[in-house]
Amino acid sequence: MTLHIDSVSKRFGQYQALDSVSINIPKGELVALLGPSGSGKTTLLRIIAGLETPDQGRVLFDGEDATDVAPRYRQIGFVFQHYALFPHLSVFENVAFGLRVMAREARPSEEQIRERVSEILKLVRLTNLGERFPAQLSGGQRQRVALARALVIRPRVLLLDEPFGALDVTVRTELRRWLRELQQELGLTTIFVTHDQEEASAICDRIAILNEGKLLQTGSPVDLFTMPATSFVAGFLGSANILARESLGAGAPVGISGAKVAFRPADGKLSTSAAAPAPGGHLRLSGTIQHREFLGSIVRYAIARTGGEVQIDAPFKAGEAFIAPGTEVAVDIPHDALISLNS
Amino acid sequence: MPQRRILPGLPLSLGVTLVYVTLIIALPVAAVLLKAMSLSLGEFWNIVTSPRALSTYRITILCALAATLFNAIFGFAFAWVLVRYDFPGKRLLDTLVDVPFALPTAVAGVTLTALFAKNGWFGAPLASIGIEVAYTPLGIIIAMIFTSLPFIVRTVQPVLEELDPEFEDAASCLGAGDLDTMRRVILPLLMPALLAGISFAFVRCLGEFGAIIFIAGNQPLSTEITSLLAFIRVEEFDYPGAAAIATVMLLASLTILILTSLAQSWYGRHLTRS
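Residue numbers (the numbering used here), protein chains in the order written: chain A, 160 to 502; chain B, 963 to 1236.
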């Protein structure tokens, strides 16, 4: 199902949770709503599910206005952040819930329910845990039960609120990969909310970045990483050095147009021989090493300079000495690694 | 590794608890049972199955059932309103729930009688449509409702506060209507608390005395409650007779409390959160 969100706004008292947000989500895409906490991403998800009503704007499912449709008639799969599994029902009955509450004409027979629940439990690899109760499961298992429960009603869209937030790092990376494969196998339009840019970049077709209720930019993870429009996006998706364009002085290359300029810490090349001229097609910044962090495969240097500190990631090679704090250095950045930012 | 606890050691705290329970609860109960045992089995049986006694059981149990049923529904709604909605005067309403706890039950009885007497504020209009409350079983039910309401509200309220509204959101996303959500999600999750509240309220109704005797009329065989019969026997210096009736009440209440506790642990067996 394709999903259109058409200039949706929502206010809670004095707090503007969403400010005229519009997104189109084509059928079968996995889209992440990415933003810091309080950016409105969960509110947007709840509006899509019908759990909140927008003050303004519309939500369209396959071109049909669904803004005023009650959640129970939307046929949407929702996986809650803390899963909201019914603690008094077994795994089997949790998953069967969506079938048992169907209108009598549409409700499958007991035998069909059994079949469909077993099928879904197999899909989420929980075949033997049907008799267990939520309190007896691990976090990852609960997450998969929540997913099974959402999938059993054959949802038109799957919505996930911080689906991996409550899990250990190892379980998280494994589950997100599995979720991506499952989502592609089912061809299910899926939206998930996260504040973790790595998670979003790793599995999504597209990312929508929200901050303070506004949609800042949407695009593929690669596009957002290489062509962020604003300093917020540049800083949120991976780390970035952001400089005011004036601070570059005469060294600013001609192609740069925006108010600010960004580059990734890995794109700058450090050299201690500040006397040698900058290679052609490079922007040179000079400063003093302030601080050094060893991060395994890279060494991150903070370089103090007039016009703002910059961070440079240098690849770590065993046996090579670190550059000592206080050393005067030059940073050379190729012109094509510089990103113009509007704000 | 030894665990540090706030209260001093098990022997001391358990000892204090046991002494307290013995002096305040077990000893009076034992006295009642001992007194009743001074009767022969035949005498005991005759007292507790006399027509007058049987009639008091019937009236007490039926009125208590009616009052508890009313309070189960109304008390649940009351707790729901207090937990789920915000409105001016909510704190005041919340405090008012405890009035029946705080008010001497005799005062409540006198007040209710004045209100529901044929010339009272509520009694007069009710009498004009042919409903008599004071000095009828209906009066007993109203007195019981008044004194037992807080038990339901105060047991359900904290559990409802802990009940995450996300369960309801999840149910509605899965296609459940309000009725299904109530029946399949909310009620089962509240059931242990609701059961406890219902049984406390019911047991309280069975034992209520002060609020009822003013409004009941106390006619033997029609509006006389069991606790009043026990009191009458005491007034007649028939202590064994009073003890025999008290024993019946005691056993009834204990049985209900034990059954409730069993039902609660059965319901709650999967609800433990990790």
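Simulated from the structure, these hints should not be mistaken for lab results.
Some clues are possibly wrong.
[Said to hold, decoys possible] Quick list of the computed label-pair ranges, beta carbon to beta carbon: (1) Glu-1124/B to Glu-333/A: 30 to 38 Å; (2) Tyr-1047/B to Glu-223/A: 52 to 60 Å; (3) Tyr-982/B to Thr-332/A: 55 to 63 Å; (4) Ser-502/A to Pro-1127/B: 54 to 62 Å.
All of these numbers come straight from a predicted model, not from anything done at the bench.
The beta-carbon is built from N, C-alpha and C at its ideal position, and this holds for glycine as well.
Against the structure, the hints come out as follows:
{"no.": "1", "hint": "Glu-1124/B to Glu-333/A: 30 to 38 Å", "verdict": "32 Å, holds"}
{"no.": "2", "hint": "Tyr-1047/B to Glu-223/A: 52 to 60 Å", "verdict": "33 Å, violated"}
{"no.": "3", "hint": "Tyr-982/B to Thr-332/A: 55 to 63 Å", "verdict": "56 Å, holds"}
{"no.": "4", "hint": "Ser-502/A to Pro-1127/B: 54 to 62 Å", "verdict": "38 Å, violated"}
Checked against the numbered hints given earlier, the structure breaks hints 2, 4 and satisfies all the rest.
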